[in-house]
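Peer 1: Let the hints inform the model, and build the full structure from the sequences given.
Protein chains: 2
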Amino acid sequence: MKIATCDTTAPNPVAMEGAEGITKRVMIGPDDGAPNFTMRVFDVEPGGHTPHHSHESEHEVYVIGGRGVVLEGDREHPIEAGSFVFVPPHEVHQFRAAEDEALRFICIVPKQYD
Amino acid sequence: MKIATCDTTAPNPVAMEGAEGITKRVMIGPDDGAPNFTMRVFDVEPGGHTPHHSHESEHEVYVIGGRGVVLEGDREHPIEAGSFVFVPPHEVHQFRAAEDEALRFICIVPKQYD
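The listed protein sequences correspond, in order, to chains A and B. Per this note's numbering, residue 1 is the first one in the first sequence, and the count goes up by one each step. Per this note's numbering, residue 1 is the first one in the second sequence, and the count goes up by one each step.
Some clues are possibly wrong.
[Claimed, not checked] Below are the BS3-like pairs computed for lysine-lysine, each with C-alpha atoms no more than 25 Å apart in a straight line:
1. LYS24/A with LYS111/A
2. LYS111/A with LYS111/B
3. LYS2/A with LYS111/A
4. LYS24/B with LYS2/A
5. LYS2/A with LYS111/B
6. LYS24/B with LYS111/B
7. LYS24/A with LYS2/A
8. LYS2/B with LYS111/B
9. LYS24/A with LYS24/B
10. LYS2/A with LYS2/B
11. LYS2/B with LYS24/B
The set of hints was computed from the structure by calculation and includes no laboratory data. These figures come from a predicted structure and were not determined experimentally.
Peer 2: Written as structure tokens, this is what we have:
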């Protein structure tokens, strides 16, 4: 069993093309013996965002804190602490923090896509 | 894309043997087209608990709110809002709410085990 919090887990900057103002923590993953999927936490600075892209894998997301939008293609949906978001495989999407508030969310993917 | 909150998703009682004072919401699952794993939310009443058991599948857990303990075998670990817990396959475990406070947590499993 592993028990952890964001406070006890160091974040790493995300240098992916199209990403801005983002850090990532792997909270549960292959290093912990997780056999199937990886639970990551992303912190997005005010005005920051993930890439506007699509890929083979799905995302299962829970917003821990803050405020922002998720783009479904080019359509914006507001999200905040307590929002759950499912992004199906191959759907174009982007997570954006509000201009004046950071966004923290959990994003789970099959382990081969982390 | 699906966007939801616990407030807009009806809970169902959990009648599983060994469970007490628990409701469950499937926030993201096969009905939404999720191909691999299912994201559920469990609410445990003060003094309530999940079964003390083990099984083939892993759990990836995030505590949304409240306070309680997770049992690793017979050893208690305190958990609260912000705790992440990984329960490996075949490990005996149990989630218990505090006697005076409810517990709400996300628990993700491979879809064939929901």
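Peer 1: Next step is simple, just say for each hint if it's right about the structure.
Peer 2: Okay, the hints, checked on the actual structure:
1. LYS24/A with LYS111/A: holds, 15 Å
2. LYS111/A with LYS111/B: holds, 15 Å
3. LYS2/A with LYS111/A: Measuring from Cα to Cα gives roughly 17 Å; hence the hint holds.
4. LYS24/B with LYS2/A: holds, 23 Å
5. LYS2/A with LYS111/B: holds, 22 Å
6. LYS24/B with LYS111/B: holds, 15 Å
7. LYS24/A with LYS2/A: It holds: about 18 Å lies between the C-alpha atoms, which stays within 25 Å.
8. LYS2/B with LYS111/B: Within the cut-off at roughly 17 Å; holds.
9. LYS24/A with LYS24/B: violated, 29 Å
10. LYS2/A with LYS2/B: Given pair LYS2/A, LYS2/B is violated - Cα atoms ~30 Å apart, limit 25 Å.
11. LYS2/B with LYS24/B: With Cα atoms ~19 Å apart, LYS2/B and LYS24/B stay inside 25 Å; holds.
Checked against the numbered hints listed earlier, the structure breaks hints 9 and 10; every other hint is satisfied.
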